[in-house]
Amino acid sequence: MKNLLISFLLIGGLFTCSPPAYTQDETALEYPSLYIAQWVYQCSEALSPMFYNQGTPKHYAVQLAAQSCSCVIDEFRKNFLWLEVQTMSSEDRALFSETYAYKCKPYGRNL
Numbered sequence: 002m003k004n005l006l007i008s009f010l011l012i013g014g015l016f017t018c019s020p021p022a023y024t025q026d027e028t029a030l031e032y033p034s035l036y037i038a039q040w041v042y043q044c045s046e047a048l049s050p051m052f053y054n055q056g057t058p059k060h061y062a063v064q065l066a067a068q069s070c071s072c073v074i075d076e077f078r079k080n081f082l083w084l085e086v087q088t089m090s091s092e093d094r095a096l097f098s099e100t101y102a103y104k105c106k107p108y109g110r111n112l
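Residue numbering for the sequence shown is 2 to 112, as defined by the numbering used here.
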C-alpha cells in the first residue's frame with residue numbers, strides 16, 4: 002500500500018511540472034533543470050509527511066524524502082529520455098515509479 006502511495010506521489014510530480022521557458026531550447030537539454038527541481042520539490046513535499054508520521058524529526062524527514070525522490074528521478078533519467086517520460090502512460094509511470102522506489106529503498110526506512 003505504501004509503495005502504491007509513493008508511486009502516485011511521484012507520478013503527481015510529473016504532472017505538476019510546468020514547461021520550460023519559451024527561450025529555452027528543449028533539444029539542448031535532456032531534462033531541463035527547472036523540471037527536475039520542481040519534480041524533486043513536489044515529490045519531497047508529498048513524501049516528507051510520511052517520514053515525519055513515522056517518527057522521523059521534521060528536518061530529517063524532508064531530507065530523506067528529497068533523497069528518495071532524487072534517487073527515483075535519477076533512475077528515470079538513466080532509463081528514459083525526457084520525451085519518453087513526458088509521453089509515458091500513467092500506468093507505465095506508476096509501474097516504473099514503484100520499481101524505482103523499491104530499488105531506492107536504502108534512502109528510506111519503510112518506502
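Honestly, I wouldn't trust all of these hints.
Cross-link-like lysine to aspartate or glutamate pairs, in silico, DMTMM-like; alpha carbons within 25 Å at most [as the list claims (entries may be wrong)]:
1. K106 / E76
2. K79 / E92
3. K104 / D75
4. K104 / D93
5. K79 / D93
6. K106 / D93
7. K59 / D93
8. K104 / E92
9. K106 / E46
10. K59 / E46
11. K79 / E99
12. K104 / E31
13. K59 / E31
14. K59 / E92
15. K104 / E46
16. K59 / E85
17. K106 / E92
Okay, the calculated beta carbon distance ranges per label pair [claimed, not checked]:
18. T100 / Y42: 18 to 26 Å
19. Q39 / S91: 13 to 21 Å
20. Q55 / T88: 19 to 27 Å
21. E31 / K59: 18 to 26 Å
22. Q39 / K104: 20 to 28 Å
23. L35 / G56: 12 to 20 Å
If you are wondering where the hints come from, they were derived from the structure by calculation, not from laboratory data. As the structure is a prediction and not an experimental result, all values here were calculated from the model. Where a beta carbon is used, it is the ideal one built from N, C-alpha and C, also for glycine.
Hint-by-hint comparison with the structure:
no. : hint                   : verdict
1   : K106 / E76             : holds, 13 Å
2   : K79 / E92              : holds, 19 Å
3   : K104 / D75             : holds, 11 Å
4   : K104 / D93             : holds, 16 Å
5   : K79 / D93              : holds, 16 Å
6   : K106 / D93             : holds, 20 Å
7   : K59 / D93              : violated, 32 Å
8   : K104 / E92             : holds, 18 Å
9   : K106 / E46             : holds, 18 Å
10  : K59 / E46              : holds, 11 Å
11  : K79 / E99              : holds, 16 Å
12  : K104 / E31             : holds, 23 Å
13  : K59 / E31              : violated, 33 Å
14  : K59 / E92              : violated, 32 Å
15  : K104 / E46             : holds, 21 Å
16  : K59 / E85              : violated, 35 Å
17  : K106 / E92             : holds, 21 Å
18  : T100 / Y42: 18 to 26 Å : holds, 23 Å
19  : Q39 / S91: 13 to 21 Å  : holds, 18 Å
20  : Q55 / T88: 19 to 27 Å  : violated, 35 Å
21  : E31 / K59: 18 to 26 Å  : violated, 34 Å
22  : Q39 / K104: 20 to 28 Å : holds, 23 Å
23  : L35 / G56: 12 to 20 Å  : violated, 34 Å
When each numbered hint is compared with the structure, violations occur for hints 7, 13, 14, 16, 20, 21 and 23.
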